[in-house]
Amino acid sequence: MRDRAAALAALGGDLTRRQLLRTGIGGVLVLAFGAVLPSGCARYAPASRTLRFLSRKEYAVVTRAAVCILGLPDEAREGIGTFIDRLLADLPPTSQGQVRLMLRVVEHGTHLFDLKGRRFTRLTPVEQDAYLEGWMQSSLGARRIIFRALKTLAALGYYAQPEAWADVGYDGPWIGRVEARSELDHEEPVPVEAILQRRGAV
Amino acid sequence: MILDTSTVDDNLTLTAEVCVIGSGAGGAVAARELAEAGRSVVVVEDGSYVRSADFVQREETMYPRLYRESGTAATADYTVLVSQGRAVGGSTVASFCLCVRPPRPLLSYWERAFELPGLRYEAMLRYFRKVEKQIGARRLTPEQLNPNGQKLLTGSERLGYRGYLPFHNRHDCLECGYCALGCTYDRKGDMLTTYVPAASRAGAVIVPDCAVHEIATRDGRVVGVRGAFHRSRTGETYTLKVDAEVVILAAGAVNSPRIWRQSRLPDPADQVGRNLRVHPHVVVSALYPEPIVAWRGIPQGYVVDEFLILGDRDAGYGYLLVPTFAHPVVAASILPGYGAAHRELMRLYPRLGGIGIFLHDHSHGRLEFDETGPPTVAYRLGATDEEQLLDALVKASEVSFAAGAEKVFLPYNDVVAVGRRGAYQAIRDHGVRLNDPLFVSYQPQGTLRMGGDPRRSVVNSFGAAHAVRNLFVCDASVFPTSVAVPPQIAVMALATRTAQHVAGHGERYFSRPLRRAS
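Protein chains in written order, with the working numbering: chain A, 1 to 202; chain B, 1001 to 1518.
Check before you lean on any hint, since a few could be wrong.
Taking lysine to any residue pairs in the SDA-like style, the calculated list, with each CA pair at most 25 Å apart, reads [what the hints assert, rightly or not]:
1. A:K116 <-> A:R43
2. B:K1407 <-> B:G1382
3. B:K1133 <-> A:W165
4. A:K116 <-> B:K1130
5. B:K1241 <-> A:P191
6. B:K1407 <-> A:W165
7. B:K1133 <-> A:R43
8. B:K1133 <-> A:D185
9. B:K1407 <-> A:D167
10. B:K1130 <-> B:P1117
11. A:K116 <-> A:V126
Derived by calculation from the structure, the hints in this document are not laboratory data. It should be emphasised that the depicted structure is a prediction, and the values quoted were computed from it without experimental measurement.
In isolation and in its complexed conformation, chain A is listed as follows (with noise of 0.2 Å):
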């Protein structure tokens, strides 16, 4: 399980568009269907705190997915939502626009992939379960993609959380646990008025 890189995979840049294109006609089809996606909040409750980054609606998506995903109790979505929103504010433009599109096509997906009435957040617990199942479990490759990196992004919402280590018996780090420094000087880095004295700047 070395593969830390998958970590960061949703929020790293990777899932763009001209990757999800790449995936073939698939690809094109669930970006196009973003792409004409409504973005509105009005249906979906507030959030119990002030969020940084995610809309209401993109809150409800990804925090209800987060918890089917991982098997979780609804009660784990405020500190996964909140969780999330914190990384995800800090990230570059780019792969916010990325993560925004795929909770998109996530909520609304539902009328193109399983032809049902109501949008994701509307379906019942049983349904959105076999919703995102098939997901994972898609023919299509830009659906896996979007379940490979919707699953990093609740890994990372719950699991980075030390609330959450206790129940999978992992005891954290050591830092402050033992008595152990480094016994390196590491150089100092230096004014860049330092560096133009010593190399001559032209």
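With chain A's structure known, arrange chain B on it following the hints.
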């Protein structure tokens, strides 16, 4: 000296004899060699200068801090995640410290098939020895194996599979297990603790937080490097201009070709960005009856090379098996399954072990470029490599069962478990399909490959560009094929060779004689 980029408040111009792009296994080595040889050197690094005090052992903090694009880029179809370091010290800061020399038969093959005189093992030996000494490479002892490593050793020995305790570049290791997040205790002989400070002591200037967008040329010869800071005192973006007589390109197998292409450097044979090998990596997870707490201890302490088939007549084929594990965020994101099944698997976390497969790939992809952003990586496993991968999944499962596993989980999206030894039809049934399993590449290579024939290579055996004078490449881009093993030693040794070549031919590459003797 290392520049504090929080003090930059204007465009900056520097002059040097050598400008090195990148401070990882290739760039740091070249910088030190040339600075110690008496040449003035500026190193430009895209990543930040983060030190052990910044290594907080938390995944969500460290991956964005140490990895390019907050952790990874992916191939066009998301089949392979390409993970590369982005910090002063490059990928070595987050490496698992495996120090394996490139295999002797492979070097012979490279030398003969790609017309690369001087690359055979015996000729490279002095470079291997030098870099191993500098980074403190030593052989792991059986006592240093963590329980996950012990499982691989036990299982493979019971099956009679060949393996070895590899060299690693740790000293006085506390065995906390956080190597991939940077060593909090500086017990790793990475570039950050060895070659970068040595280069600085020898007079090199290290400029972090600066993305290079152009290698400037005049009349077919490099004249410097142009970049832009992404950190400054004012928050504004300022430019960096380094006027230099020699440029060493060492930004990694994805970024080096990008810089080449964005600089509009000549590519007469259309080779830049081609021949990409990714050394694909997947993990087979195993459930053991007892807790093995695989996130603690030295993470990759044993190597099974029984299935790596090499000869000097071709590039060979096969794979390595290496013990592998991850902290909870990554574990949760890659463990298979959905909902309750996934959570059940996560609750087994302390009893899970993992065997990583590193495929010596024949398949080759390419980078596709646009004007600005990172290139798109196009890569798909070919039929031969798919066969090898399926074989590797079976062998990793076999080893796990031989080591006492109760169950094995395969690296697919959905839970595909094998409950007993020999029941591997599930692997054949599932096969390999687009991004399932998802591969990770920590070691992309080959995109500016070396060779004697400019019609099918970009640089020669010294990393010198065929088509641009005084431009050298010092990273895994230059490998003619997959190097088959973790590439750190190969990159460092080749960089040493290149730098010593440049230093030893001052009259050819520099306008002034040496300032001082080496």
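Structure-based check of each hint:
no.	hint	in the structure
1	A:K116 <-> A:R43	18 Å, holds
2	B:K1407 <-> B:G1382	29 Å, violated
3	B:K1133 <-> A:W165	40 Å, violated
4	A:K116 <-> B:K1130	65 Å, violated
5	B:K1241 <-> A:P191	17 Å, holds
6	B:K1407 <-> A:W165	23 Å, holds
7	B:K1133 <-> A:R43	65 Å, violated
8	B:K1133 <-> A:D185	21 Å, holds
9	B:K1407 <-> A:D167	21 Å, holds
10	B:K1130 <-> B:P1117	20 Å, holds
11	A:K116 <-> A:V126	14 Å, holds
The structure fails to meet hints 2, 3, 4 and 7 from the earlier list, while all remaining hints are met.
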